[in-house]
Each structure stands twice: as structure tokens, then as C-alpha cells.
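Asker: Listed here are the chains, written in short residue letters.
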Amino acid sequence: MTDHGDIDSVSGTATTGHQWDGIKELNTPLPKWWLYTFYLTIIWAVGYWIVYPAWPLLRSNTPGILHYSSRANVAVELANLDKLRGEKMAALSAASLADIEKDPALLALARARGKTVFGDNCAPCHGSGAAGAKGYPNLNDDDWLWGGTLDQIMQTIRYGARAGNAKTHEGQMLAFGKEGVLKPDQIVTVANYVRSLSGLPTRPGYDAAAGAKIFAENCTACHGEKGKGNQELGAPDLTDKIWLYGSDEATIIETIANGRAGVMPAWEGRLDPVTLKAMAVYVHSLGGGK
Amino acid sequence: MTSQDLQYEDYGPLYASRKKVYPQSVSGTFRRIKWGLMAVCLSIYYFLPFVRWNRGLGAPNQAVLIDFPNRRFYFFFIELWPQEVYYFTGLLIIAAVALFLMNSIGGRIWCGYLCPQTVWTDLFYAVERLIEGDRRERMKKDAAAHRWTPRRIYELVAKHTIWLMIAWWTGGAWVLYFSDAPTLVKDLATLQAPMVAYAWIGILTATTFVLAGFMREQVCTYMCPWPRIQASLTDEWALNVTYRYDRGEKRTSVKKAAELRALGEHVGDCVDCYQCVAVCPTGIDIRNGPQLECIQCGLCIDACDNVMTKIGRPKRLIAYDNDINIQRRQKGQAPIYRIVRPRTIIYALVIALVGGIMLYTLATRSLLDANVLHDRNPVAIRLSDGSIRNAYTMRLLNKSGFDRVVTVDVDGPANAVVHVVGADSVTPDRPMIVIGRDQTTELRLLVTAPEENNREKSIPVHFHVTDIGLGVVASATDNFVAP
Numbered sequence: 001m002t003d004h005g006d007i008d009s010v011s012g013t014a015t016t017g018h019q020w021d022g023i024k025e026l027n028t029p030l031p032k033w034w035l036y037t038f039y040l041t042i043i044w045a046v047g048y049w050i051v052y053p054a055w056p057l058l059r060s061n062t063p064g065i066l067h068y069s070s071r072a073n074v075a076v077e078l079a080n081l082d083k084l085r086g087e088k089m090a091a092l093s094a095a096s097l098a099d100i101e102k103d104p105a106l107l108a109l110a111r112a113r114g115k116t117v118f119g120d121n122c123a124p125c126h127g128s129g130a131a132g133a134k135g136y137p138n139l140n141d142d143d144w145l146w147g148g149t150l151d152q153i154m155q156t157i158r159y160g161a162r163a164g165n166a167k168t169h170e171g172q173m174l175a176f177g178k179e180g181v182l183k184p185d186q187i188v189t190v191a192n193y194v195r196s197l198s199g200l201p202t203r204p205g206y207d208a209a210a211g212a213k214i215f216a217e218n219c220t221a222c223h224g225e226k227g228k229g230n231q232e233l234g235a236p237d238l239t240d241k242i243w244l245y246g247s248d249e250a251t252i253i254e255t256i257a258n259g260r261a262g263v264m265p266a267w268e269g270r271l272d273p274v275t276l277k278a279m280a281v282y283v284h285s286l287g288g289g290k
Numbered sequence: 001m002t003s004q005d006l007q008y009e010d011y012g013p014l015y016a017s018r019k020k021v022y023p024q025s026v027s028g029t030f031r032r033i034k035w036g037l038m039a040v041c042l043s044i045y046y047f048l049p050f051v052r053w054n055r056g057l058g059a060p061n062q063a064v065l066i067d068f069p070n071r072r073f074y075f076f077f078i079e080l081w082p083q084e085v086y087y088f089t090g091l092l093i094i095a096a097v098a099l100f101l102m103n104s105i106g107g108r109i110w111c112g113y114l115c116p117q118t119v120w121t122d123l124f125y126a127v128e129r130l131i132e133g134d135r136r137e138r139m140k141k142d143a144a145a146h147r148w149t150p151r152r153i154y155e156l157v158a159k160h161t162i163w164l165m166i167a168w169w170t171g172g173a174w175v176l177y178f179s180d181a182p183t184l185v186k187d188l189a190t191l192q193a194p195m196v197a198y199a200w201i202g203i204l205t206a207t208t209f210v211l212a213g214f215m216r217e218q219v220c221t222y223m224c225p226w227p228r229i230q231a232s233l234t235d236e237w238a239l240n241v242t243y244r245y246d247r248g249e250k251r252t253s254v255k256k257a258a259e260l261r262a263l264g265e266h267v268g269d270c271v272d273c274y275q276c277v278a279v280c281p282t283g284i285d286i287r288n289g290p291q292l293e294c295i296q297c298g299l300c301i302d303a304c305d306n307v308m309t310k311i312g313r314p315k316r317l318i319a320y321d322n323d324i325n326i327q328r329r330q331k332g333q334a335p336i337y338r339i340v341r342p343r344t345i346i347y348a349l350v351i352a353l354v355g356g357i358m359l360y361t362l363a364t365r366s367l368l369d370a371n372v373l374h375d376r377n378p379v380a381i382r383l384s385d386g387s388i389r390n391a392y393t394m395r396l397l398n399k400s401g402f403d404r405v406v407t408v409d410v411d412g413p414a415n416a417v418v419h420v421v422g423a424d425s426v427t428p429d430r431p432m433i434v435i436g437r438d439q440t441t442e443l444r445l446l447v448t449a450p451e452e453n454n455r456e457k458s459i460p461v462h463f464h465v466t467d468i469g470l471g472v473v474a475s476a477t478d479n480f481v482a483p
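From first to last, the protein sequence lines are chains P and S.
Just so we're aligned: 236 in our numbering is position 236 of the first sequence, and the numbers increase by one with no gaps anywhere.
Just so we're aligned: 368 in our numbering is position 368 of the second sequence, and the numbers increase by one with no gaps anywhere.
Derived by calculation from the structure, the hints in this document are not laboratory data.
Just to be clear, a hint being listed does not mean it is correct.
[Said to hold, decoys possible] Reference excerpt, derived from the structure (chain S facing chain P, CB under 7 angstroms, subset only):
(1) 250
(2) 252
(3) 377
(4) 380
(5) 381
(6) 383
(7) 386
(8) 391
(9) 421
(10) 422
(11) 446
[What the hints assert, rightly or not] Chain P side only, calculated, beta carbon under 8 angstroms to chain S, not exhaustive:
(12) 131
(13) 232
(14) 233
[Stated by the list, open to error] Pulled from the structure, derived: some chain P residues nowhere near chain S, Cβ distances all over 12 angstroms:
(15) 94
(16) 103
(17) 154
(18) 183
(19) 205
(20) 288
Cβ coordinates follow ideal geometry from the N, Cα and C atoms, glycine included.
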């Protein structure tokens, strides 16, 4: 602002000449160095217009002489990553599941890839450490519903269980109570018999012979004569210490009465074949693999 | 309160502009020592990266190499891994105490003879003297700075070119410590070297050029913390470059001194020739006593000795001497020196102790290491037969120059069995693992034990890694947890 020659007597500073009810405004302009730096940044900005994308046009924008684009940069980086990953994953793709486990380098690669993908896709049900939860199997132990060899694990991951495709694992625990096959007292009796198979204590006064008879008539088709289960049908071994839903009497009664049919989704088509392979090796290497 | 109430004592401006120093050339004992040490220090610095050391195929054959990409440090027969950086702590302790020891014996030996700032400044002064002439000519030429004769332009261009070349070589030698030197030299010359190498050469060229060519003694006086620390560490026994007042005072001219001596009067040996001031690289007068600026390079001793020889007086009017003797000489007592005293003994012992510990640990360090980490999720697993399984991640380090085949055994929990995921067992339950030389391997270990006798919440478990061929054992301990 221009100097009006009016000096404020208290501060000794020039005023702008404006007055509001006798109150004057001191004229304290921006420091010169600041102002010129500001002008310089304006000139600098013109350089930006030329070098970088700047002005919006009707359909796009001025590209700038560098043709810089953060989107294109990301695309290039992703392509590089795919290329890098592709080279490494080609080795996994070529090797058989068994060979991957024998080669320390391939095993480490498969486990690293598998761990990441497991965390993204499997952890919601099986837990981030694959320790499972009620109804969702623990993949660290040696008890497998559908088999624990590399090929069996691969099969289960690809097609799932009761997942509604042609190759999926079928077979379910029937609802013996709901369907009226067994009466409530029969269910209590056979539930106690099932507990006795793995050495768990039974209810006082329970009729072991009746339990064995009900078991033989209704359960052996899937679980086998000795209750050892059948991995073809996903029928669990009833003689071991591992219980997917729980080993207490009430839970077993609930299982027999209402049946069970947990679903494992199919991952074929959702994950690429190499990733599926890495997953199978990872799950197998958790410790329970056969 | 008005400004009149405030009392200021006027010390003048707190900033003192530099008075340029024009050290005169000098010859003598200390100058020779300085030339010798300069040759040794610079040779080590410039040529050490080219020294080769055979470590076998596949390992770098450079004697001294800081290999950042592969995280290794090589020093002749020593190879250090990142987890052994504590050796550098030991080296730093030794370096610091060695500095204290030097100081308590002979003052600022480091500053005067060995410090890079001194060595490179000395070298730059030598170049300057060679091209522009000695003290007097340089002062004259600087005073006539506006006269741009062709001769003057040539001198300045030549001086700065040579300085820049020295500075550039200094920066260049630095980066050679971080990569294979001959390869890097070739890459640098053919513009194939990584950008970071050029950047560091640029930075160090600039710092050398500026620090040795222009800042010079100001670095020692204003930037370096050591003069302050040194002043608080010194004692009355430490030898420092000292002017002997008792011999020097009163100062008189040569002629007058001869006359007065003939009359049997006491006359000082100092003839006020200012040679000690002329040669001083920090531009001080040593006759004013010990000063912060003095780097104790001993050049004033040489200058004074030359003058004393010429006028037929005993040498060492300026000499290495201690504070006690300054007082004793004034009282007419014989000088006493004590190099061995509690302070120097303690410093030497500390150096010996730290050095000894380092040598011991270096000599006995294990070339096979194992670290183990318990799985957190899940902590423990129950198997179908009721037994308990814990999983661990083990990292094996093979620091030797050859591949190893090792096996892992476990003890602690009753009847525990260890299985290594992916390891082919030659003998059942005794996994064999190959670790490449100079490499680490990560393993997944599964330890399984029956529930009987292992019902405690947590049992210590020991892993023993045995080299099949050599029987070398590394151990790691963790806990075995019941679900």
C-alpha cells in the first residue's frame, strides 16, 4: 500500500491512511525477502505447468513435457513385481508338491507365499496361525477330515467341502434327531457310547450294550465299525482326542440330533494354480501333514 | 523498566573474522616426522582398498571391505556379521582411551600429527607453497589480489586444480572401501558405477576441498570438540609444546644480548625473531603459553631450533615440556618427567583389558550359531493321540567358509522328538540340514512329546545343533508349553 505520509505517533510507523471511527491501520507491509520469494514461487509454478500435467482440458489435461503419470508409474511397478514374482513362481509351478518340500529354497518360497495368502483368505475361519476354532479345523494337528497328504490337502483347497461344485467333498453328518431317525433317549445313549470310544467318562447308568447297538445300526456306515472314521466321506475319527465341535455330552447330543455340514469354500479359479500349490505346501508344512 | 536500566558490558562484537594464516616452510626433526606420518597415513588411506586377501572361491578377496548389500565386514582374516557390531564398540572404546593416553603422555599428538584435518591441510599447504611461493610471497600476492596478471591466474588455476584432484582422489578412495576396489574403479571410469558412489565422491571431494583448502585451522579452533575435552583431561605431567620462559625472557636482540652477556648479566635466549609465529599453521604465538588453538605440531620447535643453532645458543628453547617443569625451572630446580604414572597406567590397562576381551571373544567366537523362537499362534497343539506338539522357528548361522551338514537334537521334555519340516532324515528322527557357507538358514521345528510327565505349563527345552563332520555344537533354549 502507498505511504500517505501519516505517521502513527505511538509506534512511529506509517499508517495506510484509512480511518474507522478515528482508529487508523498501521502500514506494515510484508518483508521484501518474503515477497520476492513468493514471486519466485509463482514463476517456479509456471515451470511446473510446462514440465508436469497441469491444466484441465475438456477430456483430459495438459500432459507436460515429462509425461509424468503416477498411475503409469504404479502400472510399471506392478508389472515389474509380476515379472519378478513370475520368475520365482515359475520354479514352484514346475516342481511337484513333494519336490517342493524336499528343496529348502522352494519350501521357503512356498511357505512365504502360502503364509501371506493364508492370512488374506483362510485366516477368517481357520485363524491367522491356522489353529482353527469350533467347527473350523485346526490345520496344525495330525487329524484330518479329508486326508492330510499333500495331494489330499490340495484337493480340499481347490474344490472345498460341500462347496457346490462337481469335484467338491460331499458327505455330511445327518440330523438323526430332527429327521426322527433316533429318539431323544437313544441319542443320549449313543452319545455316551461315542464318548466311551475315546476313553471319555460316561453318564452313570448308561446302557453300553444299547449304545453299541444303536451305533452299529446308524453310524458305522460312515464312521466305521470301530468309529475310526472315513476320510472319503469326511467322517471324523471318533476314537481320538480331537473334536471339531466339542467332546462334552451336550455338544455330541447336539451334533447327533441336528447334524453337521460345515462348508469349506472352493479356491480353484479364485487363486491361481501356483498360489494354490504354495498354499497346499504351507498347510502341509504347518506340522500335521502326512 | 526502560533500556537505561539494563547494564551491558561491551565486549565488542562476538564474531571475529578470520585472519588468514600464511605458515612459512620449515625444516627439522618434527617436520620430518610430520612428512613421514603423512606419507604413512595417506598411503594407508589411498591404497588399502587395493590390498587383496584370499578368502577362497565365492568370497570377496579385498582385505578391508564393508559389504553393505551382503551385510558383512571384512578385515584381513576377520569377517564380522551384523550381530557382531559390538566389536566396533570395543574399537571405539580403545580409540577413545588411546586418545586419552596419547594426551596424558604427549598432549595433542593426534591433533598435531595424525588427525585427517591436520594431514590434509598440511598437504594442501605444501601444494600452495609449491605454486605460489613461501609465506612472504603469498602474503604479497594476496595483498595485490586485484592484479590479475596471467602469472597470477595460472597460479590460482593450478593450485585449485591440484587441490581438487587431491580432494577427488580422497573422495574416490572412500567409496572403494564399500565395494570391490578394482571393479569399482573400472565402473567409475566407464560411468557404470551406481549413482550413490558418484554422490559420495562428490560430497567428500567438496568437504576435503573446503576443509583443507579454506577452513583449515578454523576447523580445529571452532568446529572440533576435542580441544575442549583435551583441556579438561590434561594434567601437569603431560608433555606439551612449551616455550621456556626461564630461558627465553627477557627477549633482546642478538647484538644486545651479546653485549649484556659480556657484562655478566642475565639475558633471555629469545631474540624475538617471530619465526615460531611465522611457521605456525594456526597463526598463534606459542610464547603466550598454552592456547586452545595450538595443535602441538612441533613446527615452532623446529623453527626456533634453527634460529638457536644459527646464533650459537642451545636448542629447545621451545620444546615438549610439562607444566611442573615450567615452575621448577623458574625456581632453578632440575626438570622432572614422569611418563609412567597412575593415569597412564590406568589408560594402558583399560586398552589392554578391552583389547584382550575383544581378542578373546574373536578367537573363541562360534562359527556356528543357532537362535530359536517359539511359535505364538498357536502356542501348543494337541495331536490325535493326545500328545503335545510345539512349533519353533530356528535360525542357523554358518559363519565359516565351508558348507556344513548339521543335525538337530532336543532334550528337556520327557520323550520329546524333534522333526524339521522339509529335512530328509538319513536316520529316523535325526534330521540332516545343509547350511551353505557364510549363510543363514531358517528352519521350522516341530517338537512332539507325550502328555505323560509333561503336564507342567512350561518346560525348558534345549536344542543342540551338531555339525556331523566336525562335531561342533551350537545350542539354543526355549520353553515347551502344554496347551
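Asker: Next step is simple, just say for each hint if it's right about the structure.
Answerer: These are the hints, each one checked on the structure:
1. 250: Given a least distance of 57 angstroms, the restraint on residue 250 of chain S is violated.
2. 252: violated, 59 angstroms
3. 377: Holds. Min distance 3 angstroms.
4. 380: Because about 9 angstroms separates residue 380 of chain S from the closest Cβ in chain P, which is outside the 7 angstroms limit, the hint is violated.
5. 381: holds, 5 angstroms
6. 383: holds, 5 angstroms
7. 386: holds, 4 angstroms
8. 391: Holds: closest Cβ of chain P sits about 6 angstroms from residue 391 of chain S, inside 7 angstroms.
9. 421: It holds, given that the least Cβ distance between residue 421 of chain S and chain P is near 5 angstroms, below 7 angstroms.
10. 422: holds, 4 angstroms
11. 446: holds, 5 angstroms
12. 131: holds, 4 angstroms
13. 232: Hint violated; residue 232 of chain P Cβ to chain S Cβ min 18 angstroms, cut 8 angstroms.
14. 233: violated, 18 angstroms
15. 94: Given that every Cβ of chain S is farther than 12 angstroms from that of residue 94 of chain P, nearest at about 18 angstroms, it holds.
16. 103: violated, 8 angstroms
17. 154: holds, 17 angstroms
18. 183: holds, 32 angstroms
19. 205: holds, 28 angstroms
20. 288: violated, 8 angstroms
In summary, the structure is inconsistent with hints 1, 2, 4, 13, 14, 16, 20 from the numbered list given earlier, while agreeing with the others.
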